[in-house]
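J.: Per the numbering used here: the sequence shown ends with 466, consecutive numbering throughout.
What the hints contain is simulated information worked out from the structure, not anything from laboratory work. The beta carbon of each residue, even a glycine, is placed where N, CA and C say it ideally should be. Incorrect hints may appear among the rest.
Pairwise CB distance ranges, derived in the manner of DEER restraints [what the hints assert, rightly or not]:
1) R76 - T226: 23 to 29 Å
2) H126 - K199: 42 to 48 Å
3) T64 - T226: 50 to 56 Å
4) P381 - P466: 14 to 20 Å
5) D350 - P438: 50 to 56 Å
6) R222 - E382: 38 to 44 Å
Pairs of lysine-lysine, BS3-like flavour, derived with a Cα cap of 27 Å [what the hints assert, rightly or not]:
7) K360 - K90
8) K102 - K297
9) K346 - K110
10) K110 - K90
11) K90 - K102
12) K297 - K346
13) K360 - K102
14) K360 - K346
15) K346 - K90
16) K297 - K110
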Amino acid sequence: MIHSDSTPAAPVQPLLPPAVPEAFDINLTAQVIERLALHARTLPDIFRVHSPQRDRDDFVVIRPDLVKRVLLDNRHGYGKGAAFSRVKLLLGNSIIASDGDVWHRNRLMIQPAFHKQAVEDHARRLIDLNREVAQRWADQADAGHPIDVTAATSELALHDVLLALFSEDLRRFEDDKGHNPLWMVNEHSERNLRFALEFRQLATPVRELLRWRRQHGVQRDDIVGIIMRSTDRQTGQPMAERQLVDEILMLIVAGHETTASALNFCWYLLSRHPKVQADLHAEVERVIGDRDPTIEDLGRLQYCRQVLEESMRLYPPGWAFSRKALADDSLGGYHVPKGTELLVTPYLTHRHPGWWREPERFDPTRFEPGARAARDRFAFLPFSAGPRRCIGDGLAMLEMQLHLAMVVPRVGFRAPADRASIEVEAEINLRSRQPIVLSAFRRP
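Generate coordinates for the entire structure from the input sequences, incorporating the hints supplied.
T.: Below you can see the structure in the form of structure tokens.
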């Protein structure tokens, strides 16, 4: 008889992604983006960061095909990540913060307010507002006053979304001194606990407006009016008042911050690239001339759209978002244990040299139709992707195109010579650390 060593072999441990050589918490704070970008230069396109606060490893996902698996192909295997617990305090059980059947039911009820015709109707309400902004900026340029585009685009974006939501009823929120409580969104620069608590108090005036519309049989074709008329496909019932208030508050915050961030960085980039600014001006002059733009005109402003998309490539408003593995999975040959928190990072994906040539360079030609068709569509995620893609992306793009189309013929910008670059803050949305203030000139 032949005897052999029957000691069982040690079990093979699943292969995990490489880990960064330092521990820190990925909590959507201002400094995190710089550290992640530093490590992304030397690590694979999925890596681990150990969280000392939670004593666990979080995964950072960059490569487009891996992002596609998380957001689309295996979307049922991933739920909302821990970062959304902060959002829930601010936005209740809205579609940004909810999951599963609740999310699906409410998204279907909101969707009609963002169909193509509805979006175009909303955008038409913004022409007068942007005409006023263009005139005000031109007057400031004549007076030799620089323009704080961070403050100005934040104010404009909030006014945009409030008009789209409430149309002519926006004035009903004003007190006898003309103060509108909804403007508090623009008056608080920090998105902290104090802001969240004060913001939730807006539920009261929003609820009062909903009840006034119902009691008086008022029907509008604004976003709120369309959602009020929407019904659950299974029960035939309208959205419950509490849920509707949560969704309205969500749309205020999401609609404001996304557009404000994108326009803020767009004007900065245009000021640093006079040739791009001149080409954009030439396109607007050729397509529109001296009149106000129509919705049909915006569809012909191809370069204008490319400028906005390239701006959001470099500075995506939603720079990252979290997911949680609901079961074991495999990404890029690495094991993803159940319960793992993942951070999908458009900011890093958009600047990866594997998918973008000279990724730090501002070049709107990247989004010409031929170049776009040749690129992995998950390499560009300004509004996320998959079923949970931003519900208002079409409206946001129309708002921003309309704004550029009405300002560019009247005002140009020059960047200050002493400010060659800007620092960013990566909180829930990407922001400039300091206000962007630009020298302006009126166009002849």
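J.: Indicate, hint by hint, whether the structure satisfies it.
T.: Checked hints:
Remark: the range hint 23 to 29 Å for R76 to T226 is contradicted by a beta-carbon distance near 36 Å. A hinted range of 42 to 48 Å for the beta carbons of H126 and K199 is consistent with their spacing of about 43 Å. Our hint of 50 to 56 Å for T64 and T226 holds, since their Cβ atoms are close to 51 Å apart. The hint said 14 to 20 Å for the Cβ distance between P381 and P466, and at roughly 36 Å that hint is violated.
A beta carbon spacing of about 52 Å between D350 and P438 agrees with the range 50 to 56 Å that was offered as a hint. The hinted range of 38 to 44 Å is satisfied by R222 and E382, whose Cβ atoms lie roughly 40 Å apart. Of the supplied pair hints, the one linking K360 and K90 holds, its CA atoms being roughly 18 Å apart against a limit of 27 Å. Distance hint between K102 and K297 is unfulfilled; the C-alpha atoms sit about 42 Å from each other, more than 27 Å.
Restraint check for K346 and K110: satisfied, since their Cα atoms lie roughly 16 Å apart, inside the 27 Å limit. For the given pair, K110 sits about 25 Å from K90 by alpha-carbon distance, which is consistent with the 27 Å threshold. A distance of roughly 16 Å separates the Cα atoms of K90 and K102; the hinted pair therefore holds under the 27 Å criterion. Distance hint between K297 and K346 is unfulfilled; the C-alpha atoms sit about 44 Å from each other, more than 27 Å.
Taking the CA atoms of K360 and K102, the gap is about 13 Å. The hint holds against a cut of 27 Å. About 8 Å separates the Cα atoms of K360 and K346, which keeps this hinted pair within 27 Å; it holds. Straight-line distance between C-alpha atoms of K346 and K90 comes to about 15 Å, which keeps the hinted pair within the 27 Å bound. Using a Cα cut-off of 27 Å, the hinted pair K297 and K110 is violated, with the two alpha carbons roughly 43 Å apart.
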